[in-house]
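Asks: Chains A and B supply the protein sequences, listed in that same order. Mapped onto this note's numbering, the consecutive letters of the first sequence carry residue numbers 1 to 182. Mapped onto this note's numbering, the consecutive letters of the second sequence carry residue numbers 1 to 206.
Accuracy of the hints is not assured; some may be wrong.
Under the rule of at most 27 Å between Cα atoms (straight-line distance), these lysine-lysine pairs were calculated in the DSS-like manner [to be verified]: (1) K169(B) / K156(A); (2) K156(A) / K58(A); (3) K63(A) / K161(A); (4) K32(A) / K17(B).
None of these hints come from the bench; they were simulated from the model. None of the values given here were measured: they were computed from a predicted structure.
Here are the chains, one letter per residue:
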Amino acid sequence: MKEESAVPAAANSLDQDGLATLFEEYAPAIYKYLLRLGVYAQEADQIVGDVFAHLLDKLAEAKGPGKNLRSYLFQIAYHLVIDHAREREHTAPLEVAVCVNEEMEPVQSMVEEKLLLEKLYIAMERNLTEEQRNVIVLRFQEDFSLKETAGIIGIKVNAVKALQNRGINKLRLAMDRLDEGP
Amino acid sequence: MSTQLLNSQDVIGLLLKLKDSTPDYPVDLLVARRAAFLQAAAAIHLGGSGLSGKGGGDGGSGGIGGSGAMGGMSTAQSILLQAVIGVWVIAAMLTAAYVFRDQIIDLLQDNGIVTVEMTQAPSSEPTVPATIPPVTEVSPTVSTPIVVTVAPGDSLSIEATSEIPVPTKDDPGLHLGQTPGSPDTPNQDQPDKPDKPDKPDKPNQD
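Produce the complete structure using the sequences and hints provided.
Replies: Put into structure tokens, the structure is as follows:
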């Protein structure tokens with residue numbers, strides 16, 4: 001797990017260099033997080049802009065995050081995704097969300113793994129609830145702790161544990177079913 | 001790897017691999033978004049918001065303006081400032097109205113606004129009360145004939161003769177506005193009966 005990131009003093013004073021560094025560190029991570037939640041690339045880019053615009057507003061009002069800037073930014077992104085999802089149904093196509101690096105693996109294993117990852121992505125998309133998917137992504141793909149995940153989603157740690165366990169079981173069963181075919 | 005043998009740890013392992021397979025932020029989008037973010041930050045900074053961030057920073061002028069409604073002021077501060085400004089403006093208007101009250105009155109009078117004073121001017125002449133004599137009904141009277149005779153000795157005598165006929169029961173004479181009712185229409189002078197109110201329409205039972 002990554003350590004809690006304090007808010008740089010440069011960010012509080014709206015220093016250009018500090019803000020640029022902050023953006024370069026967190027914008028790609030938030031973008032990937034959004035793709036993992038099934039948001040289209042173009043929308044993910046817009047949400048990234050909204051997240052940092054929100055951060056600027058809060059910094060200008062001296063109401064920025066006191067600590068753990070990373071959790072704070074992901075929390076904003078999470079709520080923006082919820083808002084977008086309410087506006088319309090949208091799911092990124094598989095080729096956008098899953099992109100296996102072909103140079104890393106031999107061809108045979110690469111194809112097998114790509115199929116597995118595609119099944120996993122489909123299972124996450126079809127079988128998990130919104131909260132379960134968020135918990136799974138935050139815990140296993142964004143490396144947040146149980147406590148941080150609970151803070152981002154706004155639920156208790158025990159609820160995060162329950163959602164995580166249920167989500168993993170659902171994924172396992174769903175992938176078995178996908179392997180059996182229709 | 002077969003999914004038939006998957007357990008929870010396998011799923012978690014796949015989730016970690018899925019993490020690495022997510023595509024990166026396209027460079028062109030990232031650069032454009034970064035430029036827009038820094039531009040917005042510069043606009044807020046140049047707005048003189050007077051950031052009082054936890055890191056101290058370079059302060060600022062604390063002035064009003066910038067990209068936000070009230071720069072770096074909190075909502076409570078901005079409301080308080082607006083209230084103070086409002087009270088100050090009202091006090092200034094009232095003071096000006098008191099100091100220039102004479103000019104304001106003249107200005108209003110020049111613009112055709114007439115003021116009516118209810119004071120009564122003293123007068124040396126006695127005022128005649130404007131009394132209206134009560135209206136009395138004059139009944140026809142029989143005039144006495146007057147005979148005027150002017151004698152050479154400056155004596156004057158007046159003799160009046162009446163040629164007006166005395167109304168009788170059969171011949172009441174022409175009295176405008178007092179035309180007696182004919183026996184054929186005995187109730188002519190009675191007041192009209194009030195109109196009957198319209199009956200409400202019966203509700204349609206269809």
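Asks: Against the 27 Å threshold, does the CA-CA distance of K32(A) and K17(B) hold or violate the hint?
Replies: Within the cut-off at roughly 14 Å; holds.
Asks: K169(B) and K156(A): Cα distance at most 27 Å?
Replies: This hinted pair is violated, its Cα atoms lying about 116 Å apart.
Asks: Between K63(A) and K161(A), does the CA-CA distance stay at or below 27 Å?
Replies: violated (31 Å)
Asks: Are the Cα atoms of K156(A) and K58(A) separated by 27 Å or less?
Replies: The hint holds at about 25 Å.
Violated hints, in rising order: 1, 3; the structure is consistent with all others.
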